[in-house]
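Q: Per this note's numbering, the very first residue in the sequence shown carries number 1; after that it's consecutive.
By construction, these hints were calculated from the structure, which means they are not laboratory data. Honestly, I wouldn't trust all of these hints.
Only pairs whose alpha carbons sit at most 20 Å apart, straight line, appear in this in silico EDC-like list of lysine to aspartate or glutamate [to be verified]:
| # | residue 1 | residue 2 |
| --- | --- | --- |
| 1 | K88 | D17 |
| 2 | K101 | E51 |
| 3 | K76 | E62 |
| 4 | K88 | E19 |
| 5 | K99 | D67 |
| 6 | K85 | E19 |
| 7 | K85 | E14 |
| 8 | K101 | D67 |
Distance ranges between label pairs, derived from CB positions [as the list claims (entries may be wrong)]:
| # | residue 1 | residue 2 | range |
| --- | --- | --- | --- |
| 9 | P82 | N11 | 16 to 26 Å |
| 10 | P9 | K49 | 53 to 63 Å |
| 11 | N106 | F12 | 51 to 61 Å |
Virtual Cβ for every residue (Gly too), placed ideally from N, Cα, C.
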Amino acid sequence: GNYCSVDTPENFKELLDQEFSYFVTPLAYNINISFGSVYNDTSSSSSTKYEWKVIKGYGSPEIQSVDYSKDNYSIKLSTIFPSFKNHKNETRGGSLLFKLKCVSLNNDQQNEEDFSHLSLPSLSCKC
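Produce the complete structure using the sequences and hints provided.
A: Here you go:
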């Protein structure tokens with residue numbers, strides 16, 4: 001479910017009046033977010049393979065509890081919920097953010113490199 005906090009009885013009543021249906025109505029179940037991982041860099045004289053790895057996730061307790069020391073190229077979520085928009089068209093939450101790291105698959109290249117010329121991985125979501 002969704003997580004929130006309230007500090008006054010008035011805030012609690014307002015929250016339930018406006019946002020209750022968003023708390024109890026899931027948008028999707030059994031979500032698997034996969035990152036396309038292997039990229040061949042042919043811009044140099046030797047072809048190098050790179051892989052995108054998720055190193056941190058934000059926006060959901062399920063994402064924050066993943067063990068990112070393992071090779072994570074997909075993230076699983078049990079449910080996601082819609083977010084309420086206020087009168088200013090603002091929303092609180094509703095975003096998932098991932099920090100990615102690009103690593104070389106060539107064992108001889110363990111040093112830090114500039115990966116700015118590589119395209120970001122493809123993202124697919126299956127519900």
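Q: For every hint, state whether the structure bears it out.
A: Hint-by-hint comparison with the structure:
For the hint linking K88 to D17, the alpha-carbon distance of about 18 Å falls within 20 Å, and the restraint holds. At most 20 Å may separate the alpha-carbon atoms for a hinted pair to count; K101 and E51 meet this at roughly 8 Å. The hinted pair formed by K76 and E62 meets the criterion: a straight-line CA distance of about 8 Å does not exceed 20 Å. Restraint check: the Cα-Cα separation between K88 and E19 comes to about 15 Å, which is no more than 20 Å; the hinted pair holds.
Among the hinted pairs, K99 with D67 is consistent with the structure: their alpha-carbon atoms are about 14 Å apart, no more than 20 Å. This hinted pair checks out: K85 and E19 have alpha carbons roughly 9 Å apart, not beyond 20 Å. A distance of roughly 13 Å separates the Cα atoms of K85 and E14; the hinted pair therefore holds under the 20 Å criterion. Restraint check for K101 and D67: the C-alpha separation of about 15 Å stays at or below 20 Å, so the hint holds.
Separation of P82 from N11 is about 20 Å and conforms to the stated range, judged on CB atoms against 16 to 26 Å. The given range of 53 to 63 Å is respected by P9 and K49, whose C-beta atoms sit roughly 58 Å from each other. A hinted range of 51 to 61 Å holds for the C-beta pair N106 and F12, which are about 56 Å apart.
In terms of the numbered hints stated before, the structure departs from none.
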